[in-house]
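A.B. asks: Chain residues, written in single-letter form:
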Amino acid sequence: GAVVSQHPSWVICKSGTSVKIECRSLDFQATTMFWYRQFPKQSLMLMATSNEGSKATYEQGVEKDKFLINHASLTLSTLTVTSAHPEDSSFYICSARVGLAGFTGELFFGEGSRLTVL
Amino acid sequence: KNQVEQSPQSLIILEGKNCTLQCNYTVSPFSNLRWYKQDTGRGPVSLTIMTFSENTKSNGRYTATLDADTKQSSLHITASQLSDSASYICVVSAESGANNLFFGTGTRLTVIP
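Heads up: the protein sequence lines correspond to chains A and B, in order.
Residue numbers are given in my numbering: position 37 of the first sequence equals residue 37, and the series is strictly consecutive.
Residue numbers are given in my numbering: position 100 of the second sequence equals residue 100, and the series is strictly consecutive.
Just so you know, the hints here were simulated from the structure itself, not pulled from any lab data.
Hints should not be assumed to be uniformly reliable.
Dumping the calculated DSSO-like pairs for lysine-lysine here, alpha-carbon to alpha-carbon at most 27 Å [claimed, not checked]: (1) B:17 <-> A:41; (2) A:14 <-> A:64; (3) A:66 <-> A:14; (4) A:41 <-> A:14; (5) B:1 <-> A:41; (6) A:41 <-> A:64; (7) A:20 <-> A:41; (8) B:71 <-> B:57; (9) B:1 <-> A:64; (10) A:41 <-> A:66; (11) B:57 <-> B:17; (12) B:1 <-> A:55; (13) B:1 <-> B:71; (14) A:66 <-> A:55; (15) A:41 <-> B:71.
Generate coordinates for the entire structure from the input sequences, incorporating the hints supplied.
C.D. replies: In structure tokens:
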């Protein structure tokens with residue numbers, strides 16, 4: 001089946017630095033990718049929808065200047081957490097959809113990236 | 001308002017027992033409903049995907065049902081195993097809209113020996 005790869009799987013950084021997380025669809029092209037944040041024992045919270053070749057659509061309450069999303073190709077989307085602070089520590093997961101929006105296209109998730117900001 | 005609610009929030013069962021997880025939704029117009037299993041610290045993995053016309057779908061020991069009239073779905077796990085311990089997430093797709101995926105808060109299942 002389709003595979004979505006995230007890198008790095010975990011990262012520790014100092015407060016104030018920026019961290020980039022990559023999400024790749026390995027064997028299919030994804031015009032749309034999604035970024036989520038998940039705090040312990042909670043469900044996934046959609047942060048933004050990443051569209052290849054255009055600006056990302058952010059959910060309400062998500063700072064677009066802090067969480068920079070770039071979808072440069074049909075197989076790669078990146079999430080950059082800028083000027084990270086301890087409260088940004090979380091589990092970040094991406095997903096990519098096969099097929100057209102609204103249809104039965106399968107949704108595949110990456111393995112997640114655990115960010116710890118000291 | 002499009003919402004997906006799951007129950008129970010958490011569940012503990014003995015190994016070998018069966019259990020049923022519930023998902024109620026108000027998403028409209030409905031496109032499809034998916035159940036995912038998420039192990040701690042991992043990304044969700046798809047179990048089933050069901051469209052409007054499907055009432056039941058099985059994947060090994062997992063059986064999902066869908067009642068599109070009452071907007072309810074259930075995930076039944078048969079003969080539970082320790083490895084079934086995970087969070088189970090219900091995701092409903094609407095037919096239209098740029099952001100047409102709606103997530104439930106999940107049910108955390110713990111299977112004990």
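A.B. asks: All hints, please: hold or fail.
C.D. replies: Going through the hints against the structure:
Proximity of residue 17 of chain B to residue 41 of chain A is assessed by CA-CA distance (about 24 Å); at most 27 Å being required, the pair is judged to hold. Straight-line distance between C-alpha atoms of residue 14 of chain A and residue 64 of chain A comes to about 21 Å, which keeps the hinted pair within the 27 Å bound. For the hint linking residue 66 of chain A to residue 14 of chain A, the alpha-carbon distance of about 16 Å falls within 27 Å, and the restraint holds. Distance hint between residue 41 of chain A and residue 14 of chain A is fulfilled; the C-alpha atoms sit about 25 Å from each other, no more than 27 Å.
Of the supplied pair hints, the one linking residue 1 of chain B and residue 41 of chain A holds, its CA atoms being roughly 25 Å apart against a limit of 27 Å. Among the hinted pairs, residue 41 of chain A with residue 64 of chain A is consistent with the structure: their alpha-carbon atoms are about 25 Å apart, no more than 27 Å. Straight-line distance between C-alpha atoms of residue 20 of chain A and residue 41 of chain A comes to about 24 Å, which keeps the hinted pair within the 27 Å bound. For the given pair, residue 71 of chain B sits about 16 Å from residue 57 of chain B by alpha-carbon distance, which is consistent with the 27 Å threshold.
A threshold of 27 Å between alpha carbons decides the hint, and for residue 1 of chain B with residue 64 of chain A the separation of about 25 Å falls inside it, so the pair holds. Note on residue 41 of chain A and residue 66 of chain A: the hinted pairing holds, with a Cα-Cα distance of about 24 Å set against a maximum of 27 Å. At roughly 20 Å between alpha-carbon atoms, residue 57 of chain B and residue 17 of chain B fall within 27 Å of each other, so this suggested pair holds. For the proposed pair residue 1 of chain B and residue 55 of chain A, the alpha carbon gap of about 26 Å is at most 27 Å, so the pair holds.
A threshold of 27 Å between alpha carbons decides the hint, and for residue 1 of chain B with residue 71 of chain B the separation of about 14 Å falls inside it, so the pair holds. Taking the CA atoms of residue 66 of chain A and residue 55 of chain A, the gap is near 15 Å; set against the 27 Å cutoff, the hint holds. Between the alpha carbons of residue 41 of chain A and residue 71 of chain B the distance comes to roughly 26 Å, so the proposed pair stays at or under 27 Å and holds.
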